[in-house]
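Number of protein chains: 2
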Amino acid sequence: MRVFDRDSATSMTKGPLEITRWEQFQATRELPFGAMWYSVAPGQSSPLDQHPETELSIVLRGDAEVEVGGVTTFVPQGSAFLLDSEEAHVIHNRSATDPLDILSAYWMPRSAGAGDSDG
Amino acid sequence: MRVFDRDSATSMTKGPLEITRWEQFQATRELPFGAMWYSVAPGQSSPLDQHPETELSIVLRGDAEVEVGGVTTFVPQGSAFLLDSEEAHVIHNRSATDPLDILSAYWMPRSAGAGDSDG
Chain A
10 MRVFDRDSAT
20 SMTKGPLEIT
30 RWEQFQATRE
40 LPFGAMWYSV
50 APGQSSPLDQ
60 HPETELSIVL
70 RGDAEVEVGG
80 VTTFVPQGSA
90 FLLDSEEAHV
100 IHNRSATDPL
110 DILSAYWMPR
120 SAGAGDSDG
Chain B
10 MRVFDRDSAT
20 SMTKGPLEIT
30 RWEQFQATRE
40 LPFGAMWYSV
50 APGQSSPLDQ
60 HPETELSIVL
70 RGDAEVEVGG
80 VTTFVPQGSA
90 FLLDSEEAHV
100 IHNRSATDPL
110 DILSAYWMPR
120 SAGAGDSDG
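Chains as they are written, first to last, in my numbering: chain A, 10 to 128; chain B, 10 to 128.
Derived by calculation from the structure, the hints in this document are not laboratory data. Treat the hints with care, as some may be off.
Unchecked claim - Partial selection, computed: residues in chain A whose CB lies under 10 Å from chain B:
1. F13
2. F34
3. W46
4. D58
5. R70
6. P85
7. S88
8. E96
9. A114
What the hints assert, rightly or not - What the simulated footprint calls covered on chain B by chain A, stretch by stretch (three residues with Cβ under 8 Å from a Cβ of chain A suffice, anywhere in the stretch; the number is not a length):
10. 14-25
11. 53-64
12. 85-92
13. 96-110
Just so you know, even glycine gets a beta-carbon here, dropped at the ideal spot from N, CA and C.
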């Protein structure tokens, strides 16, 4: 059993975000996805992000407002949201006092007929 | 963007656990793992569990005590733990008042030389 402990992990600050990448835990190389924790500071929003990976985000603390294509969706603590490949997104933390903590897991989608043999 | 909302999902009670399986969300078929939320009631423990899947657990609410091979490890809210294939485990909720909420993701490990072509 291996623990990925957020409090003792190395993080970096990037604008309104504090990012803690799981690559620093060697055991995460065994996972079928990459992952990171990030926090959005109170009253702040993430920069617009868009990438080829599919991304599953789990709301660990606080409530998220997820903006995609001009539509904002409320995702409460404990729930999750799935972003498709290349779906541009902004994450808002509407709390004036508390950070919004999210665990993000991401992977390259398997394109149909791309030669994969075991899907 | 798809939301997996825990509060409106269908759950089942199994002894001291409340289990909410992600299979009920059609979009989760696109994920490279299965997943479920579960809660351990205050002061309770999960039954001993052992299975071939590798399992990553994220502590969403409360703090977990994870018992493996007679050793108990504290995993605080927001952190995660990875159980190897066939590693028998019990999850304790030591709080007398609050549930312990966990998101579990699981997948079959890829065995070396098992014929996979893209690992």
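Here is what the structure says about each hint:
no.	hint	verdict
1	F13	holds (4 Å)
2	F34	holds (9 Å)
3	W46	holds (7 Å)
4	D58	violated (13 Å)
5	R70	holds (7 Å)
6	P85	holds (7 Å)
7	S88	holds (5 Å)
8	E96	holds (6 Å)
9	A114	holds (8 Å)
10	14-25	holds (count 3)
11	53-64	violated (count 1)
12	85-92	holds (count 8)
13	96-110	holds (count 3)
Checked against the numbered hints above, the structure violates hints 4 and 11; every other hint is satisfied.
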